[in-house]
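J.: Residue numbers (my numbering), protein chains in the order written: chain A, 1 to 206; chain B, 1 to 242.
Hints listed in this document are in silico derivations from the structure and should not be mistaken for laboratory results. Keep in mind that a hint or two might mislead.
What the hints assert, rightly or not - Listed next, the stretches of chain A that the computed footprint assigns to chain B, with coverage defined by at least 3 CB atoms under 8 Å from CB atoms of chain B:
id, region
1, 81 to 90
2, 109 to 118
3, 160 to 171
Said to hold, decoys possible - Ranges of calculated distance between the beta carbons of each label pair, as one might list FRET restraints:
id, chain 1, residue 1, chain 2, residue 2, range
4, A, D26, B, R172, 22 to 28 Å
5, A, E79, B, P112, 53 to 59 Å
6, B, K126, A, H97, 52 to 58 Å
7, A, H97, B, P112, 53 to 59 Å
8, A, N45, B, F242, 38 to 44 Å
9, A, N36, B, S156, 42 to 48 Å
10, B, D179, A, T118, 26 to 32 Å
A virtual CB, placed ideally from N, CA and C, is assigned to each residue, including glycine.
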Amino acid sequence: MKELGGGILYLNTNSGRSEFNSFAYDTIRPLLVEQNYISDVRAWNGEPIDFDLDSARTTATDAKTNLAAIYLRHFGIDENVLDLPWLTTRGEPIKLHKEIIINRTARRQAKYQMLEVTKWHWLPRSIFIGLPIEHEWFEHTFDCKIEYFPTRDALEIALVLKGAAKLIANQSLVMSIAIGLGVPFMQEVYDLAPNCQFRRQGSGYF
Amino acid sequence: MGERTFKHSGALGDIIYSLPTIKALGGGILYLDIEGGKDEPAITGERGDGRIRFDRRGYDTIRPLLLEQPYLRDVAIWEHQPVDHDLNDMRKVPASRGAFRILDAFYASQFPPGSVAPDGPWLTLKSQPIKLPKPIIVNRTGRYQQKDARWEMNKSHWLPNGIFIGLEIEHRMFQHTFDCKIGFYKTNDALEIARVLLGAKMLIANQSFVMAIAIGLGIPFIQETYESMADCVFKRPNAQYF
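This is chain A alone, in the form it adopts within the complex (with noise of 0.2 Å):
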């Protein structure tokens, strides 16, 4: 969108897909609305357009492809221009009292294991940021405990994520965020789709 031009974005909360729906249109829009390509995010009512973002899925042609790249390869624009962060916020970044945010969401797990080996080293200085119940199969899954702190919207996520020094995630909504602020993060690679990799200093993949 951005190297189109950018303009108005309309989400469509209609599509009979359950993973965006109104409840996600309100999580992601107070992001949106504040990246200065975005002139403004509305819900989409059968508006006329003139880029459908949807068709680009057809671009995609195995599971391994950049999500992001899919974008780009369709509308005919370098993918040299991923290698520069995308987002930005105009708040306070918001300093959490420990400096590593931790997110694992329920689907794209893959490396269990690594997590649980090195945990010892980065969970006395983490807090876990997404929906409860992720908290709650955190905690469980890895047999430990770990600070919660439960945000609102994506752009609560970000400015999370600006306020700190790393973010150790999956392949979730946190990690895109985090990847498009350019803030440093360690992935949990999920080997089946492993579609959000990114060339960023200080970041690194498992």
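Model the placement of chain B on the given structure of chain A, informed by the hints.
T.: Same frame as chain A, but now just chain B:
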């Protein structure tokens, strides 16, 4: 020569996979260490935090199933008495000896190099099977998940005929992960899990304790294999892996 004695410090699945070795050695009395091997670096070192995976609750869970095995005369809490076979030695077996599967590692720790562990079932039940209203049993634990995309693709085939067993939190997380509803059957111990499995047509699960029992019983299963440690693979005509 008196009755052979064995010692094991867990965890639950590992105890199940050690049984073919105990059986091949002639059976006897199995002592379970409810302190989970807290003083054994080979065990605590695996986690890096010194914490254990087997305690009194685990003992109470697994004992009823173990007592049904004809090659185990008794199962008791280990009180530091000497034993003939310390099954914890399996953790010292290098993978280079071809003992990549958990079951093979137990075997290799007690038998000369080159000995081959049997691939067939090793659990039997005296108790009756429990037949639930649906034929497929589903279980997915927190550890060893790697293929949610495959579950997602197949859930419309599997889940209408499925009932979930395991912990209550595992059931909630399964429904959250796959945005679905599936019935839950609460099991009280490993013997009840085995009876439910024996009454079912098939198990679909990851590399869990429930999967270990299904493999031990020889019931059909579809396994979500954890590629980074695919140590629960058995050549069975009724087994599938994804």
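J.: Evaluate each hint against the coordinates.
T.: For each hint, the structure was consulted:
| no. | hint | verdict |
| --- | --- | --- |
| 1 | 81 to 90 | violated (count 0) |
| 2 | 109 to 118 | holds (count 8) |
| 3 | 160 to 171 | violated (count 0) |
| 4 | A/D26 with B/R172: 22 to 28 Å | holds, 24 Å |
| 5 | A/E79 with B/P112: 53 to 59 Å | holds, 58 Å |
| 6 | B/K126 with A/H97: 52 to 58 Å | holds, 57 Å |
| 7 | A/H97 with B/P112: 53 to 59 Å | holds, 57 Å |
| 8 | A/N45 with B/F242: 38 to 44 Å | holds, 41 Å |
| 9 | A/N36 with B/S156: 42 to 48 Å | holds, 43 Å |
| 10 | B/D179 with A/T118: 26 to 32 Å | holds, 31 Å |
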